[in-house]
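Sequential numbering of the sequence shown, starting at 47, is according to our numbering.
Note that these hints are calculated values from the structure, not bench results. Small disclaimer: the values here were computed from a predicted structure and weren't measured. Please note: incorrect hints may appear among the correct ones.
[Unchecked claim] Simulated pairs of lysine-lysine, DSS-like, Cα-Cα distance not exceeding 30 Å:
(1) Lys-349 / Lys-159
(2) Lys-349 / Lys-309
(3) Lys-309 / Lys-159
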Amino acid sequence: MNAAFENPEWLNYHHLRHFWMIARHRSVTRAAAKLNISQSTLSEHLRELEEWLGERLFNRQGRGLHLTDAGRMALEHAETIFTTGHELITRFRQSDQKRQRILRIGAVGPLSKNLQFDFIQPLLADARTRVVVVAGALHDLTRQLQDHRLDLVLSNIPVRADLEGNIFNHPLGEVPVFLVGGRRPRGPHAGFPRSVRDVPLFLPTRQSDVRADFDLILASAGIEPFVHAEVDDMALLRLLALSGEGLALVSKIVVERELQSSKLRFMQRVPGLAERYYALTVRKRFQNAWLAEIVEAFRARLKVLAGR
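Model the full assembly from the supplied sequences, consistent with the hints where possible.
The structure is reproduced here in structure tokens:
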């Protein structure tokens, strides 16, 4: 066996690249021609990689090669490794004037798309900055943050220090929460919380801090809500609000454009209720001055929104 495989902790990236090429071209013959090596050498490298991993990476069906489950997992990692390597080479070969800064941002799935857009919009004005936005569950994004695959995570949920001790919550601000609808509820107008009695409500799911606080407010007032739908996607909550079939509980930033265009006919602030937003990093301070400036500008933007 190749000496590179004698250390069980060492991965032979040369052989991994050869596997990557075979997987991309679905053929040992075509990959060998592309790499300018013999088919027998390429097949031997694939065999050694499979032996070291302890898994078959391809199944041969007729004249074609098809990835096994282990092969698909290996290909996913290989794509990340070699794509990142290409980016590294490209960045160092560029002049300082042309070199792009890559900012990888994670966004918790239910987070408002309006908020995400407002955060990245100033970055788009700089042609030297490339923004990569990845949506996902908080625990998946914090893992990528810890592995330095992300620079920052935008979240409406802070991480617990006892669970993620090396991740820091940077408060961005808070935005008031409203009940909004495409038309006014039937019946006489009343102040909150009596205004929601017997009104169909579209609410965030119970995993949301806003939902938990809202339920507590209604329970304290002795009101049993009429929950028509529970949704963890802010874009869908916005559409439900526009339907006119009930009232949606959302932060102001979710429906800011609809309020400005008067598409929403009813709006009632929930006293004392706000949604808080955070930037999560693995450092107490932002590593890049330009990123710190973006964060500060966004904090100012949220303050203005909260005050209107």
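Verification of the hints:
For the suggested pair Lys-349 and Lys-159, the alpha carbons sit about 18 Å apart, so the restraint of at most 30 Å is met. For a cut-off of 30 Å, the pair hint linking Lys-349 to Lys-309 stands: about 24 Å separates their Cα positions. Proximity of Lys-309 to Lys-159 is assessed by CA-CA distance (about 18 Å); at most 30 Å being required, the pair is judged to hold.
Of the numbered hints listed earlier, not one is contradicted by the structure.
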